[in-house]
Amino acid sequence: MGTVTIRDLCKRYGDLLAVDRLSFDVQRGEIFGLLGPNGAGKTTTIRMIMDIIKPDSGTIEILGQPPSVRMMEHIGYMPEERGLYPDLKLLDCLVYLAELKGLSRTQARARGLELLERVELGDYARQKVKALSKGMQQKVQFIVTLMHQPEIVILDEPFQGLDPVNTELIKSMILELRQKNVAVVMSSHLMNQVEQMADRILLMDHGQAKLYGPLHEIKAQYGRHTLLVDVGNGAELPETLRGVASVTRHGHQYEALLAEGGTPDDVLGQLVAQKVPITRFEVGSMPLDQIFIAVVSRNHKEPTP
Amino acid sequence: MRKVLLVARHEFWTNCKRPGFIIMTLLVPLLGLIILGISLLAGGRVTRFLEEQFAPQPKRIAYVDHSGLFTPMLPQYEGRFLRYPDETQAIAALRDRHEQTVVVIPANYLEQGKVLAYSIKSGLSSTLASDSTELRSFLVDHLVAGRLDPAITARLRAPYSVAPVWLDESGRPSNEGIAAMVLGFVIPYVFAILLVMTIFTSSGYLLQGIGVEKDSRVIEILISSLSSTQLMAGKILGLGALGLLQVLVWVLSGWGLLIGAVGVFALTGSLPINAWQVLLSIVYFVLGYLLFGTLMGATGALGTSMREGQQIAGIFSLGAAVPFMAMNFIFANPNSPLAIVLSYIPLTSPVTMMLRLGLTSVPWQQLAFSIGLLVAAVALSLWAGAKIFRLGLLMYGKRASPREVLRALRQA
Chain A
1 MGTVTIRDLC KRYGDLLAVD RLSFDVQRGE IFGLLGPNGA GKTTTIRMIM DIIKPDSGTI
61 EILGQPPSVR MMEHIGYMPE ERGLYPDLKL LDCLVYLAEL KGLSRTQARA RGLELLERVE
121 LGDYARQKVK ALSKGMQQKV QFIVTLMHQP EIVILDEPFQ GLDPVNTELI KSMILELRQK
181 NVAVVMSSHL MNQVEQMADR ILLMDHGQAK LYGPLHEIKA QYGRHTLLVD VGNGAELPET
241 LRGVASVTRH GHQYEALLAE GGTPDDVLGQ LVAQKVPITR FEVGSMPLDQ IFIAVVSRNH
301 KEPTP
Chain B
1 MRKVLLVARH EFWTNCKRPG FIIMTLLVPL LGLIILGISL LAGGRVTRFL EEQFAPQPKR
61 IAYVDHSGLF TPMLPQYEGR FLRYPDETQA IAALRDRHEQ TVVVIPANYL EQGKVLAYSI
121 KSGLSSTLAS DSTELRSFLV DHLVAGRLDP AITARLRAPY SVAPVWLDES GRPSNEGIAA
181 MVLGFVIPYV FAILLVMTIF TSSGYLLQGI GVEKDSRVIE ILISSLSSTQ LMAGKILGLG
241 ALGLLQVLVW VLSGWGLLIG AVGVFALTGS LPINAWQVLL SIVYFVLGYL LFGTLMGATG
301 ALGTSMREGQ QIAGIFSLGA AVPFMAMNFI FANPNSPLAI VLSYIPLTSP VTMMLRLGLT
361 SVPWQQLAFS IGLLVAAVAL SLWAGAKIFR LGLLMYGKRA SPREVLRALR QA
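Chains A and B, in that order, are what the protein sequence lines are.
1 is the number of the first residue of the first sequence in this note's numbering; add one for each residue after it.
1 is the number of the first residue of the second sequence in this note's numbering; add one for each residue after it.
In short, the hints are calculated from the structure, not lab data.
Backbone N, C-alpha and C fix where the C-beta goes; we use that ideal spot for every residue, glycine too.
Errors might be hidden in some of the hints.
Said to hold, decoys possible - Sample of chain B residues with no beta-carbon within 10 Å of chain A, all distances over it, derived: (1) P72; (2) L116; (3) E134; (4) V140; (5) G146; (6) G256; (7) M327; (8) S336; (9) P337; (10) L367.
As the list claims (entries may be wrong) - Below, a list of computed lysine-lysine pairs in the DSSO-like style, where the Cα atoms sit at most 27 Å apart: (11) A:K89 to B:K3; (12) A:K130 to B:K3; (13) A:K89 to B:K17; (14) A:K54 to B:K17; (15) B:K17 to A:K128; (16) A:K128 to B:K3; (17) B:K387 to B:K3; (18) A:K54 to B:K387; (19) B:K17 to A:K134; (20) B:K17 to A:K130.
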C-alpha cells in the first residue's frame, strides 16, 4: 500500500519551475532515495509533502488523505536545516516536540530516554542543547523524528555533517525502521550512501523526475558493461579480447568496457583459455554517482522538452 | 486546544526561567521594600519631616499698618501677630531673623486691597503668608470688628467648605468618599499603564522566541506538528500569562507595601474598590493584550532579524501610546467626540476606555459597541495574523513583499 502518493506535482517560484509534473509513490517498509543535485527540487518536494508550502497544482496523499496537521502526526520529519532550542535541556526539548506530535508527557519522557540511550547520549539528557557538539545535536535531531513512532519518516540529507561512526549508527537505525515496516524517504546528493541502503530511488534534476524505480533495475540498466579484473603478479591482460571495447589499467587492476554484443562469460572464457592468472573477476555495476552524472549531463546537453 | 496549551506552557516556563524576567519581576518589589525599610529605620524622623513639609507650623507674622484699620490689634491675635510702628524697624527685625514675614498694609488698602509681604530671599514664608487663612481672618476680623454678629464674621472668614455628594445610578447618594473617587480613577489608570507594559514585555519575549525558532529552524518541525494558528495562539497565551504573572507580582507587592506604608506612616483611610470598573478594566486588558499580541506576533515574524521584527511590530505600540498623548483632552472632557472616537478604534480603545472609566460613567451602548468592535478586531487579527505569521516564519533572511502577504491571506 502506498503511504505517500504524489501525482503531477508542480511548484513555481517566480520564473523558476522548482518542481515540474512530479509523480511517485513511497511504499511501506522501503527506503526511498530522493536524489538529485543541489537545487533539483528535493527540499521543495519534501516541504510540500509536509504541508509547509502549498503546491501550485497536483495532488499529494498521505496514507490516502490530503496533507493536514492531523496527518503530520504519522510523519517524522528531519528538515535539511537543523536546529533545536539551544537553551532547553536535551530531554525537555525532546519531550516538548514529541508532545506536540500527540504523545503524553510520560510516554514522551520514557521514549526520549530510550532513544537517547540508543544514540549513546543517555548521559546528556539533562544538559542544555547548546552544550552538545554539532554531531551530537545531529543525532538528537534524528531521534526527534522518531519520538512519536511515525509510519513515515522523511529525512532531508540525513548524513550531512556526521562522522563515519555516527553515520553507521544512523544507518543501522534507518535499516531497523525498514524492518519495522516504516516507509523511509531519504533525500541526498551523496549517492554512495543512498546506494548502499535505498530500495527504490527517484532521481530529480531541474524539478523533473529523471530516473524512477528499484535501484537494482536502474543499476542493471546502466551497469552491465564494465568488468573489473585483477591479475596475479607479473601477469598482464591480453592486448585484445573479443567483445571488449577498451581497457584501462591501474597497476594490477584492469577496467574493461564491454563492446556491443560482448558478454562477461565470453571474456572470462577467453581469459581462462589463455591461462591468465586471475585474482579477481567482477561484473561491475556503474556506481550511482556515475549514473547520476550520465543522466544529468545528458539532460544538460538536450534542451528540456 | 491541547497543542495550544502545550505551546503556552512551554513558552511560559522557558521564559519564566530567564534571568532577565526574574530580575525585572523582583526588582520593583525589592526597590519598594528597600524604600520602606529605610523609612522604618529612619522611623519617626521621616514622619516628622513629612509633617513639616506638608503642614508647616503657623508662625508669627509681623505687620506695619499705614491704613490705621488694624491699630490697635484685636486681643485674640496677640502672640500670632506683632505690630511694628514702621517699615524700617520691621525690616531690620526681618534681617536679624527675629521675624520671618513682614506684611505691610498701605494707606490705600481699603481702595486697592493690596498688601506687601516681605521675607528673606529663598524663603517660602512670604508666599505662604499671602495664601494663609491666618492673614485672611486677621484682616476680616479687624475690618468688621464690632459691626457684624460673630456668626457672619465667621462665614466671612471662611465662606464655605465643600462636602461632595456623589449620586449612584439610581439617584441615591453614595457613601463612598474621596478615596473611592481617587481610586476609581487610579485603578483604570494603573490598568492602562500595566496593559502597555505587559504588551511591551510579552511582545519582546514573543519576538525573541520567534527569532530563536527561526534561526534554529525548529520552526519547520513546529509547523509540521501543529497549525500556525495554534502555534501563535499558544505563544500569545503563554506569554500573556507570563506578563500577567509579572503584573500580579507587582500589584500584589505594591498592595503589600501600601499596607506596610499605612502602618509605618500611620495613614488612615479604607480603599474601597468598584467591582464593575475592575471587571471592565480586566475585559479591556485581556482583549487589548490579545489584539496587540497577535498583531505584533504576526508582523514581528515578518522581520528578518529580531531587531527588525521589533521595529515592524513597534508600529502597533503607537496605538497604545496615542491615548496617553491625548490624555489632556480626555481628562478635560472624557465625553468629547475625540475621546469617544478613540474608545471605538480597536487599537486605542483599551487604553482610552480604561482612562474614561475612571473619569466618567460611560454609557453602556458605547461600552457594548467598543467591546464588540474590539472582539471583532481580535478575531480578524487572529485569522489574518496566523497566516501572516506562517508566511513570516518560513521566510529566512528575506522580507515578505506586500503582494506575498496578500497572497498568504487569500490562501485557505
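Right, here's what the structure says about each hint:
no. : hint            : verdict
1   : P72             : holds, 86 Å
2   : L116            : holds, 72 Å
3   : E134            : holds, 67 Å
4   : V140            : holds, 75 Å
5   : G146            : holds, 87 Å
6   : G256            : holds, 33 Å
7   : M327            : holds, 40 Å
8   : S336            : holds, 49 Å
9   : P337            : holds, 46 Å
10  : L367            : holds, 38 Å
11  : A:K89 to B:K3   : holds, 20 Å
12  : A:K130 to B:K3  : holds, 25 Å
13  : A:K89 to B:K17  : holds, 12 Å
14  : A:K54 to B:K17  : violated, 37 Å
15  : B:K17 to A:K128 : holds, 14 Å
16  : A:K128 to B:K3  : holds, 24 Å
17  : B:K387 to B:K3  : holds, 18 Å
18  : A:K54 to B:K387 : holds, 13 Å
19  : B:K17 to A:K134 : holds, 25 Å
20  : B:K17 to A:K130 : holds, 16 Å
Violated hint for the displayed structure: number 14, the only one.
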